[in-house]
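Peer 1: If you want the building blocks of each chain, they are given just below.
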Amino acid sequence: MVRVTLPYHLQNLARTGPEVQVAVAVAAPVTAASILDALEAAYPMLRGTIREHGGGPRRAYLRFFACGEDISHQPLDAPLPAAVAAGEQPFMVVGAIAGG
Amino acid sequence: MSKVRVLVGTQKGAFVLNSDGKRKQWKVDGPFFGGLPIYHVKASPVNPDRIYASQTDDWFGQVVQRSDDGGKTWQPINNEFTYASKPGQHQWYDGTPHPWEFKRVWHFEPDPVDAETVYAGVEDAALFKSTDGGQSWNELANLRDHESGSQWMPGAGGLCLHTILIDPSNPQRLYVAISAAGAFRSDDGGTSWKPITKGLQSNFLPQPDAEIGHCVHRIALHPSRPETLFMQKHWDVMRSDNAGEQWREISGNLPSDFGFVVDVHAHDPETVYVLPIKSDSEHYPPEGKLRVYRSRGDGEWQALTQGLPQQDCYVNVLRDAMSVDKLDPCGIYFGTTGGQVYASADEGDSWEAIVRDLPAVKSVEVQTLE
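In order, the protein sequence lines correspond to chains A and B.
Using this note's numbering, the letters of the first sequence map in sequence onto residues 1 to 100.
Using this note's numbering, the letters of the second sequence map in sequence onto residues 1 to 370.
Since the hints were derived computationally from the structure, they do not count as laboratory data.
Please note that a few of the clues may not be correct.
[What the hints assert, rightly or not] What follows is a list of derived Cβ distance ranges for each label pair:
#1 His267/B <-> Tyr61/A: 43 to 51 Å
#2 Pro255/B <-> Asp37/A: 52 to 60 Å
#3 Trp92/B <-> Asp70/A: 26 to 34 Å
[What the hints assert, rightly or not] With the Cβ distance kept under 7 Å, some of the chain A side facing chain B (calculated, not the full set):
#4 Thr5
#5 His9
#6 Met45
#7 Thr49
#8 Gly55
#9 Tyr61
#10 Gly95
All C-beta atoms, glycine included, are put in the ideal place defined by N, C-alpha and C.
Next comes chain B alone, as it looks inside the complex:
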């Protein structure tokens, strides 16, 4: 029988939640690395026992933890992320030049084909790659060296590369998103990059349709249709059907088109999920109601509320904190800054807190295990 493992990164440690395929009873293991911020925990799709965790804080810097037994035990591995070319300067919040400095890993993306290959998205924004399971890291520097690099500026969370997507049908095609530089695509395995921002509008920019400077919060794709991308931007939910060459807004009837997460149903590439947040100044759900919204590709968004608090709820759901399993019916999971991890075993129709009192959740990733 299938099993589900949920990997949770929080402000004060990592947690591993396991259930059988019914997804009703959950065993919570952790905290691992207790007391320390864990930005992201993600497993290899090739070797599900191989899991990477980003442990990072101001005191001790970046530590990379790796498990080879499904999260039972962990070992620190190489934590040296050195920019491959001379770091230049990006824009600071006030527009003045500011030197590039490594701060932390925001996101690990294990390769869909090779169990030893993993990508790391870091702050200040850069993309690193390891082909030896994280024993060494090499920067794909042509991204940071892109001619637009001096225009990149930090979002509220820093100048972070937080989204890495690998086209499962063509591993040479990579997508990344950077707050607040925008989104980029490589068609040659990370050797060269082009901005993919046509159609985006950001009113905090002097030219709202500028190629560079958009605060992209998250991009998601379905493996069966990898040219279709869904984006939750600082404001606006967007869709592209040509690998990011052109975007169009699909915010429709959402109560707010600000938010962080977006994800796609495991079995239907037209069904997408977002979780609206009131605004860039008020990071909690509109009207104090925690609602996931689902669109089936018809332009309409349906509020999914059963089992979620519908009054006095003022948590946030951060960009890496939603994921889906591959069971049928598809399971949807998200974690909140209030420490709850909610799960739906019926495509979002109903929800239950599978753990309720964790530290603030930074990331949620789901593994479907045979």
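Bound-form chain A, shown alone:
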């Protein structure tokens, strides 16, 4: 299982806690895209809120972090660190700090 942390408003929308676990297909490398596919399958109300509908690009005001690195600008289909794939570290969806 892959761990995903969600920002506050998406926790409310999906009615989860700060972190969820989703099953990602093990046959392929774990990527941001495969995690988001699994996340949106488990929580359909999140479709369109993290990336555009239909597997589109990351929304501009969100960032993706993993293992202490900002991976927002990596391709969505780039393999993620093994620690994320193993569930040792979360894939973090973070709202950009841009005022309130």
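Assemble the complex: chain A is given as a structure, and chain B must be docked to it using the hints.
Peer 2: For chain B alone, coordinates are given in the frame of chain A:
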């Protein structure tokens, strides 16, 4: 005994206000979706427990919330608004071409006959329709594909379709208003559209009487006389008695004919309400006095001030933030960017803040419940 429910969208959540028919004591529920901008909340006139809310922000995009129990609980429903035809380009603020991009839902208009049908007006301007209670959305694309589309340009709030009116005597007749493209009418359920702007004058246009480009802020009609339309434009209050074929100005003695809201008395199609704002550069009431103006169709506007602040008031009242109930006497309601929702239970003669310290109010809709 009748009851009244007021649905309030604010910059930081939605609120539901309930009262009995006396309209003196109010129970405030909320915030729902706290911390998030709620552009509009509106209920089905057929099924009053069915309510739609547009939750939208730059971080998480568009979410559509629906309640089926009168606003007690909410569920997110389909939030995918895909333009049905290849999005073209409209004008940007400087007149250069700019690609059409979906940003948010400004307004929901539930159908007056079918509880499962609801329209959504969106930015960048387009009209969507759902016939399954918002589980899926399909664009009525011939509006956006109108030959004038490349001339449409955003108002200060964006290129938004913010007004949807359905003729209750003929559901095939729809009106929409777009800032800043103007107003359009369809007589075939949204299959084809024609601009209805004859008589409008906008001095920010190179040709003030152009067919396209007017910044229409709001249109209202009375269900008993649906061919009579009242419009609050960027400047000017206008009236048409032939379904928008021709407009004439009725600004008369208003202290300013700039404003956003306009609405019609529930029982008298000649009585109309506006709330003047000083100017397009200064979005607050003239002289710091919050005044609703009422016309009884005689060309004169009467200032309604009792209970409203008459000094040092610098709030705005946005285009979707006035509504009326159907009780007798008719109740009038409006919300301000200062967070007050004011109500009058006597046709506007006197006012009271039924809630005072909400976040900035974006929309106010009223339900009269049996």
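Peer 1: Looking back at the numbered hints, which does the structure fail to meet, lowest number first?
Peer 2: 4 and 8
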